[in-house]
Amino acid sequence: GAVVSQHPSRVICKSGTSVKIECRSLDFQATTMFWYRQFPKKSLMLMATSNEGSKATYEQGVEKDKFLINHASLTLSTLTVTSAHPEDSSFYICSARDILLGNTEAFFGQGTRLTVV
Amino acid sequence: AQSVAQPEDQVNVAEGNPLTVKCTYSVSGNPYLFWYVQYPNRGLQFLLKYITGDNLVKGSYGFEAEFNKSQTSFHLKKPSALVSDSALYFCAVDAGNMLTFGGGTRLMVKP
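Protein sequences appear in the order of chains A and B.
If you count the first sequence from 1, position 43 lands on 43 in our numbering, and the numbers rise without skipping.
Each number in our numbering comes from the position in the second sequence (counting from 1) with 1000 added on.
Incorrect hints may appear among the rest.
Pairwise CB distance ranges (calculated) [what the hints assert, rightly or not]:
#, chain 1, residue 1, chain 2, residue 2, range
1, B, M1108, A, R10, 24 to 30 Å
2, B, K1110, A, S73, 45 to 51 Å
3, B, S1070, A, S89, 41 to 47 Å
4, A, R10, B, Q1071, 40 to 46 Å
Okay, derived cross-link-like pairs now, DSS-like style, lysine-lysine, Cα gap no bigger than 27 Å in a straight line [claimed, not checked]:
#, chain 1, residue 1, chain 2, residue 2
5, A, K41, B, K1049
6, B, K1022, A, K42
7, B, K1022, A, K41
What the hints contain is simulated information worked out from the structure, not anything from laboratory work.
Yeah, the Cβ is synthetic: ideal placement off N, Cα and C, and Gly gets one too.
Turn these sequences into a full structure, and let the hints guide you.
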């Protein structure tokens, strides 16, 4: 099946610094990528929908100035957590859909464990 | 608005026994339904999907799910559980190019 690569898989950063997470579709093109946040023992919370070449659509309650999303190409979307704080520590997961397959399964990255100290 | 409910936070089953992980959904129109599995500190892996056709869908690792329109359910099943099936399982519905996930069910298979 299609592969989505997410990098890094684990990152520790100091409070106040910024962290960038990359999400790449390796063997397909994705006009839309999704960014999720997962709290311990909780389901996935959709943060934003990333559209290639346009501004991301953020879910209610998600600060767009804090979680910067860029989708510069059909195979790459990035999430930057700006001025990170300990409460931003979480597991972040991206997913992408193959535009040629249309409305079928989404493929997920392996996730990024962010720890802010 | 679409929604998905997984009524059980955890399901415990002995190895070799059949397992069922429940999922019900609410969506207008025809639903696209999915099951994903998540292992610790990993992303989600696709198991199976229902788009149209046969109500019984077979997927990866011996899992299957039955779409029941009248009960708006899409329960995940496996005839004989393995210890390696222990993981977190998510049901999801798509009715507009966006997946909505259930709360997840932790499956514990004991030897």
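The hints, checked one at a time:
1. Remark: the range hint 24 to 30 Å for M1108/B to R10/A is upheld by a beta-carbon distance near 25 Å.
2. Evaluation of the 45 to 51 Å hint for K1110/B and S73/A yields a pass: the beta carbon distance comes to about 46 Å.
3. The hint said 41 to 47 Å for the Cβ distance between S1070/B and S89/A, and at roughly 44 Å that hint holds.
4. Range check, R10/A to Q1071/B: Cβ separation about 41 Å, and the 40 to 46 Å hint holds.
5. Restraint check: the Cα-Cα separation between K41/A and K1049/B comes to about 24 Å, which is no more than 27 Å; the hinted pair holds.
6. The hinted pair formed by K1022/B and K42/A meets the criterion: a straight-line CA distance of about 17 Å does not exceed 27 Å.
7. Simply put, K1022/B and K41/A have alpha-carbon atoms about 18 Å apart, close enough for the 27 Å limit, and the pair holds.
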